[in-house]
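Undergrad: Residue-level listing of the chains:
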Amino acid sequence: MKKFVVILLLAVMGYYISITFFDIGFGDSHLVEGVVPVKDAYLNETVNSLNVANTVTSIVVNFRGFDTLGEVTVLFLAVTALGGILYKKRHQAGERSVLFSASKVVTSGSKLLFPAIVLLGAYVFIHGHLSPGGGFQGGVIIATGFLLMLLAYENFTVGHNTLSVIESLAGITFAGVGIWGLIYGGSFLENFLPVGTLNDLFSGGVIPIIYIAVGFKVAAELTGVIYTVLHEKG
Amino acid sequence: MEDTLFKILDYGVYGTAVLVILIGLYGALVKRSLLKIVIGLSIIDSGINLLLVAIGYLKGGTAPIFSPGYLDNPKIMVDPIPQALVLTAIVIGFGVTAVALALVIRLYRHHGTLHIDEIRNLKW
Amino acid sequence: METIFLIFILFLGGAIVTWMAGKLGNIVQDILFLATILVPSYLFYTNVATGYAIDFNVGGIELSWGINAFGWLFSLIVLGLGAFAAFYAVSFMKGKERRGAFYLNFILSIMAMLGILMSQDLISFFIFWEIMTWSSYIMVVYNGNDVQRIGIKYFVFSAIGAYAMLMAIVLIKSMTGSFMIESLISSYTSFSYDMQILIPVLLLTGFGVKAAIMPLHVWAPGAYSNAPMAYTSIFSGSLSKMGIYGMVIVFTTMLSYVPEGVWFRGVVAWLGGFTAVFGTLWAIKQDDAKKLLAYSSVAQLGYIIVGVAIGTPLAMMAGLFLAVMHAIFKGTLFMVVGAIERQTGTSNFTEVTGLIRKMPWTFVAALMSIIALAGIPPLGGFVGKWMLYESLITSDHYLLVIVIFFSSTAAFLYCYKFLFGFFLGQEEEEWAHVKEAPALMVVPMVILAGLTFLLGTYPGIILKPIANGMQTLGYGMTQGQLWDTSIILNEWGNQVVLQPILYAILGIFVFFVIFVTIKGYKNTRYVTTKDISSSGEVPLAHENLTFSQGFFQPFLRAVEPAMRRQIDKYYTAIANGLESLFDFTRRIYTGNGQTYAIFVIVFVVILLIFKNSIFG
Amino acid sequence: MIGAAVYSIRQKDLLYATIATGIISLVLSVLFYLLQAPDVALTEAAIGVALTTIIFIITIRNTVRYEDEHDNKEKFKSGVK
Amino acid sequence: MVGTPVLFVAIPLLAAFLIPLFGMIWKESVRVIPGIVLAYLLVLAINLMNYVMVNGPIVEVIAGWAPPLGINLVFSAFSGFLVTLMVFLGLIVWMYSYRFKRNVDFEPAKKYFLLLMMLITGSVGMVLTGDIFNLFVFIEITSISAYALTAFYTGRDSAEASFKYLMLGSLASAFLLIAIMIIYSQLGTLNMADIGSKMHLMKPAYKIMAIIFLFTALGIEAEIFPLNGWAPDAYAEAPGPVGAAFAGIVVKAAIYASIRIIYTLFDLSGAYDLLIVIGMITLIVAETAAIRQEKLKRMLAYSSIGQMGLVMVAFGMGTEEGVFAALFLMFNHAIIKSLLFLSGSYLVYNSKDKLIKEVNGIGKFLPITSFLFVLGSFAIVGLPPFAGFWSKLSVLTAAADSNMLLIIALVLIVSIIEVVYYMRVVNRIYFFKKDESVSTQRPTLNALIAMITLGAIVLIVGFYPDAVTGFLHRASADLMDKAGYINDVLTLN
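Chains as they are written, first to last, in this note's numbering: chain A, 16 to 249; chain B, 5 to 128; chain C, 12 to 627; chain D, 23 to 103; chain E, 10 to 502.
Okay, chain A solo, but in the shape it has when bound (with noise of 0.2 Å):
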C-alpha cells in the first residue's frame, strides 16, 4: 500500500521534473534570450587575466573559492561530526576492527602501490591549474591512498594528532591567503601574486597554493573520516 503511493507520488514528481528539464532541452544553450551567461566572462577572464589553462580550476579556487572554501569546511565539520557522534569515554587508539586478514599479496602489492598513489595525488593537485583535477581530485586520491594501506596492514595507524595538525595548517593557509588578499587587493581572496603565463606551472597567482592547501586538507580529513569510522567497533 505504502509502496504504491510512494510509487504514484514519485511518478507524479518525476513526470513534472523530466517535462521540465526535456523542455530546457539537453547539449544546446537554452539560456532566455538576451541574457549574457556569466560563464563566458568566466572562460575570458580565466584565460586572460588569470592566465590558468583549467576553466573549472579557477572557478573552483578564484571565482568561487568561497564556496571551496565552505566546501572545505563541510569536510571539517564532517570528521569533527563524526568524532563527536562517534565518541566513546573509554576510546583506545588500539583497538581497530579489521576487514579482512590481507593475504601477502595484497600487503606487499599495497606498499608498492602507496608511495605510487600519494606521487599522482600530489601530482594532480599541482597541476591543478592546468589539467584536469586538482585540491579535491589529488586530495581524495591520496586518501584512498591510506585507505589502502589502512586496509591492508592491520597495524598501519595514522597519528590523530598529525591529521589534525596537517588539516588545520592546511585550512589556515586556505583563510590565512583570503585574509591577505582582503589586506592586500582590497577583497577576500583576492589575488595578490603575479599570474605569470598561461601553462606554466607558476601561473595562476595564488590558485595553485590555494588549491595545494585543499589537497592537503583534503587528503587529511578523507583520511580521518575512514580512520575514525574504521577504528569504530560496533
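Derived from the structure by calculation, the hints contain no laboratory data. Some clues are possibly wrong.
In silico lysine-lysine, DSS-like type, Cα no more than 30 Å apart, as pairs [stated by the list, open to error]: (1) B:K127 x D:K34; (2) E:K110 x E:K442; (3) E:K366 x C:K107; (4) D:K34 x A:K17; (5) E:K443 x C:K34; (6) B:K127 x E:K361.
These numbers come from a predicted model, not from an experiment.
Using the hints, position chains B, C, D and E against chain A.
TA: Below, chains B, C, D and E without anything else, positioned relative to chain A:
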C-alpha cells in the same frame, strides 16, 4: 560512433538522471533498513550530480581547459560553472553520507537494530 | 516630570521594590506596600486635573494618558477601595507565604486599573487591561488550589475577552488609522455596516468577560473564591467594574449613534437580567461563603449591566451608582469572609456558626453590607435599586423589571443565609477560642460599611461625580433634573426629600430592632448544643445543629430545573473535546523519519499539481 | 546505471547493494567524462567509487549485513557470514 | 568602517582551523576561543550596523570580481540586523554552555564549541551571502553542524533525532540543487541580484518549478508544517543551549533565505498567498500539537514551530508593515525562545525524560531561573508589557491593514491555545508541590548572566519598543526595496 553515442545521451541523460533520483527517493522512502535509506540518499546525490553536469553540457563542446598548442575557442567549451558546482556538491554529499553512516552506527549501538520502525522513541 | 508618569513609575518601582524587600523584614515590606498604594493615589487626586491628557509615542504608536470625569468616578472605586483593601491585606497576609508576590500583583492590579481609566487610546488601554489580567491571574492561582482548572479557566476566558478586544482594536486602527479612542468615536458612524456590528460585539465580549456577563461568567465563581480574600475584595469590587467601564463607553459613545444600538442594548440588558437571576439562584445553593459571594457578585454585576445597557440617563445613573455601591459592599463582604477564614480556618458556614459574640465588629460590617446588598433602606443598595426599577419602568422594560425584582427578592435568601450561617445560631465549642480579627482588618471593613450608610442617606455625594462623568459621555445636565430633586418622588418639586423619608425609615427600623431585642432578650433561654428538647426530632450525630445545613431546600427544589443545566458543563465538554482533537493532531508526528520524508514529497507533489492555481 | 540503481535498492544483501552503488558511481564518472567534465569524473571516481563504498562497507561490517533483520539472524545461526 | 562583512565568515573559519592546534597546547582554549571570536564578531556587527544605518548597505565582493562574476556578501539593514541578532545570541549561547555540563571530556568539549561556532557561522553566512549556490554551501555547513550537535549526547535518543534531521536535510539539499539548476539553465547566473533583475525574462513554468523546489528546500530548514518532522525531535534531544541556538539562529537564517528568495528573486504574487496559507497551517498544527506535550522541550519546540508559522504569515502579507511585524516577531522570538530554552534546560536539568511534570514546585528551589522562564512564557504568549506583545500587535495591525479578518481571528484563537499550555507550565512551576525524587541543579554563574541578559532585553523591549523598532523599520524598508538591492549589488565595481 560518437554521433550515435551522443544521440543516446541526448535526452537519455536527463531521463537517466531523473530516474536515478526517483529510484534513490524510493529507496529512502520505502526501505526499512537505515542503511538502505542512506544508500538511497547517496543515489539521489548521484542523480542530482548527473543532472547538474548535463545542464552545462554543450553539444560538440570541449572540456573547459585551455591546452597548450590548441586554438581553444571559448564559444564551444562546455559550461564550466556546473562542473565547479558539482565538485562542491560531490564533496559535500560525501561529508553528509559519512555523518549519516556514523549516525547509523550510533543507532545500531543504541538499539541493536537498524529497522526504522523500531527506532521510534521520539514521537508525538 | 509629568505627574502622570510619576504616578506610574511610583507604582511600578514601588511594586518591584516591595517585591524584593522580603529580605529586609516584613514591617519594611508592609510599609513599602502601603506607601506604594497611597502615595501615587494622593498624587493622583491632588495633581491630576480631569480633562488633562499627555500625548507621547512608543514604538511608533501615539499614546495618550489622561483622565476625564467618567474615569475619575471609577478611580474612586479603584483607589478608594484599593487603599482600604491594602490596609486589610497587610494584616491579612501576616505570616503567609509569598507575600512579595502578593504585594507585587496587588499593586500591579491597582496600577493597571488606574491605567485603564487613564488610557485615552486603545493600545495603552489594552496593555493595562492585560496587566490587570495576568496580575489577577497570579492571584487566582496564588493559593495553589486546583490551579490547572480554575486558573486556566480564568485565563482562557480572559484571553478570549482580551483577544476579542485586540481584534477590535486592530480593526479600528486599520479603519481610522489611529488608536485614539476619540478618533474611534468620531468616525464610528462612517464605518461600514459590518464593522459597525462587529466592533461593538468584539468589544462587548471583551468587557463582558471581565464583567462576568452570562455566558462568559463561568470563570468568576472559581476565580473569586480561589484568590486570597484580601485581593478578592478588589477583584470583585474594582476589577470587574473595569468591564462595566468599558461597556458604558461602548454603549454611550458608539451604539448611541447607530440604529442597531437598540438591539445591542436589548440583548445585553436581557443577558444582564439573566445573569442576575441565575447568579442569585446559584448563590443560594452554595455552602461556601466565598462561592456564595462570588455568585452574588455575578448577580449584582447583572443589575449593573442592565442599568448600563438600558442607557437612559436614569438607568445609567442607577447602574453607575450600583457599581460604586457594589464595590463598597462586596469589597467589605469579601473582607469579612477573609477575616472569618483567617480566624477560624474555614469559610464554610455549615461549619462555622455563632460568631456574633466573638467577632462583633466583623458582624456589624457584614450586617451593614448585607443590608446594602439586599437593597433595604436606608443603606446604599436601596437607592441604586430604586433608580433601576424606576428607569426600567419609565423606559417600558416591564418584563425586565419582573426579572430583576425576582432576582432581587431571591437575593434576600442568600443574604440571610450568609448572615445566619456565620454569625447567628448556636455557638459551638469548636469556635470558642475564636477572637475578633486584628484592628487593621476590622477598621477598613467598618469604615466601608459606614460608607454604605453614608451613601444611602446622602447619595448626592456620589451622584454628583456620576453626573459629571455622564456629562463627559454625552448625557445632558442631569443635575437638577434627576438626582438633585430626589429620585423617588421627583414630581414633588425641587427639593431633596429623600433624606427625611430615609430617616423616617431608619427610625422605624431602629425602633423595631430595639423593640425586638428587648423583647427577645426577655424570653431568650440559652441552651447547649445537646439540648434538643425544643425540637421534635433527634438529630443525627454528625449533623450540625445550626440551620445552615440544607438551607432553603424547598426553594432550591422548586428552582432546580432551571439550574440543572450549567453552562460550565458545556464549556468543559468543548474543552475536553478540543483537547482530544489536539491529541490527534500531534499524532501526525509519527516518529518515523520516513513518514516525514513522505510528507515532504506529498507537499512537493501537491504544489506541483496545483502549481497553476497557486502561482497563477 | 539505472539497472545498478534498481539492483542496489532491491538487493537485500546490503554488501551487494553497496557495491552496486559503487558501480553507479563508476558509470557516472564515465558519463561525466563523456559530458566533457574530466574534473568531475576524476572526483566522482575517487570519492564515489572508492571512499563512499569503503565507508559503507565498514559501516555494514559494524552493524548488520542484511536488510531483513530476521534474515540476518538466520544467516548468522547457520554460520554463513 | 572597522571591518568588512567577510570577516563574519573568515574569522570563525580561521579560528575553527586554529582551535585543534591551540587545543593541543592549552586545553581550555577550545572553550575560550569561540567566545572571543563571537565577542569580536558582535563588536564588528554593531560597528557595521552603525555604518549601515548611516551610509546604506555594504556590498562586499570576494576574490575581487564584481558581482555577477564573483560571490558577494550583502550587509544591509535587513541582513545586518539579523546577523547582529544571531551573533549576539551565539555569544549568549556560548556563555551559557561554558561549563553547562561539568566533567565533559576534552574531545567532546572541543567538538561542541567548534560545531557551535560553525553553526553560527553557517547561519550568518546564509544571511549575508548574495549568491544562491553559496547559500547552498552555507546551508550545508549549518546542517552538518546541526546534525552533529543534535547527536551530541550519546546517552539519549539524540542519534535518532539527528538521523531524521539528516534525512530531511538531504532531501532539502537535493531539491535546492534542482532549483538552482533550473534557474541557472535559464539565466546563466547564480548571483541573487542578477537573478532578480532577470527573473521576468524566465518562462513562468520554469519559474514556478524553481520556486516550488526552493521553497520546499528552505521550508524544511525553516520548519514549515508538513516539512518539519525533524524539528521537535531535534529540539528536544539536542543539548539545551543548542535548542536555543536552533530556535534563535538557524531557523532565522532559513526564514531569511526563503524570504529573500520570495521577495527579491521571484516576482510571483502567488508565493505570498502560499506563505500565508502554509504559515497559518503551520501555526495551527504546531500549537495544537504543543498543548498535549508531556516533555518540556518538545513543547517549546512545537511552540517555536508555531511562531515560525506566524512569521511566515506576516511575511506573506507582502506589505512593509507585514515585513516589519515579521521581523519584530523574529527578533522577539529569537530572544524569548532562547530564554525559554536556556532556563527550561535548567528546570529539567537532572531529569531523564524531561517531562513537564518534573518542574512541579521548582520555583522555590531555582527562583531566578524559574522567574526567567515565567517571564519568557508571559512574553511569548504576548502579554503586555513584555516584548512579545508588541510584535503580536504589529502582526495583527498589519493583517488588519491588509483586510485579513480570518487571519486575525485564527491567530488570536491559536494564541489562546498557546496561553493555555504555557500557563499550565507556569502553574506547575510555582503552585504545585515538588516531587521529592526530582533533584535540582543550580545554574552556573555564566549561565545565569546569559539568561538574565535575555530577560533584561525582554523587559526593555517590552517597556521601550523604540529600542528596536527604528532598526526594524529600516530593515523592512530595505527588504521591500528590491530594485535598490539589485542596484546596489550590480553597479558595484
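Undergrad: Does each hint fit the structure? Answer for all of them.
TA: Structure-based check of each hint:
For a cut-off of 30 Å, the pair hint linking K127 (chain B) to K34 (chain D) stands: about 28 Å separates their Cα positions. For the hint linking K110 (chain E) to K442 (chain E), the alpha-carbon distance of about 27 Å falls within 30 Å, and the restraint holds. This hinted pair checks out: K366 (chain E) and K107 (chain C) have alpha carbons roughly 26 Å apart, not beyond 30 Å. Annotation: proposed proximity of K34 (chain D) to K17 (chain A) holds, straight-line Cα distance about 19 Å (limit 30 Å).
Restraint check for K443 (chain E) and K34 (chain C): the C-alpha separation of about 23 Å stays at or below 30 Å, so the hint holds. Among the hinted pairs, K127 (chain B) with K361 (chain E) is consistent with the structure: their alpha-carbon atoms are about 16 Å apart, no more than 30 Å.
The earlier numbered hints are all upheld by this structure, with none contradicted.
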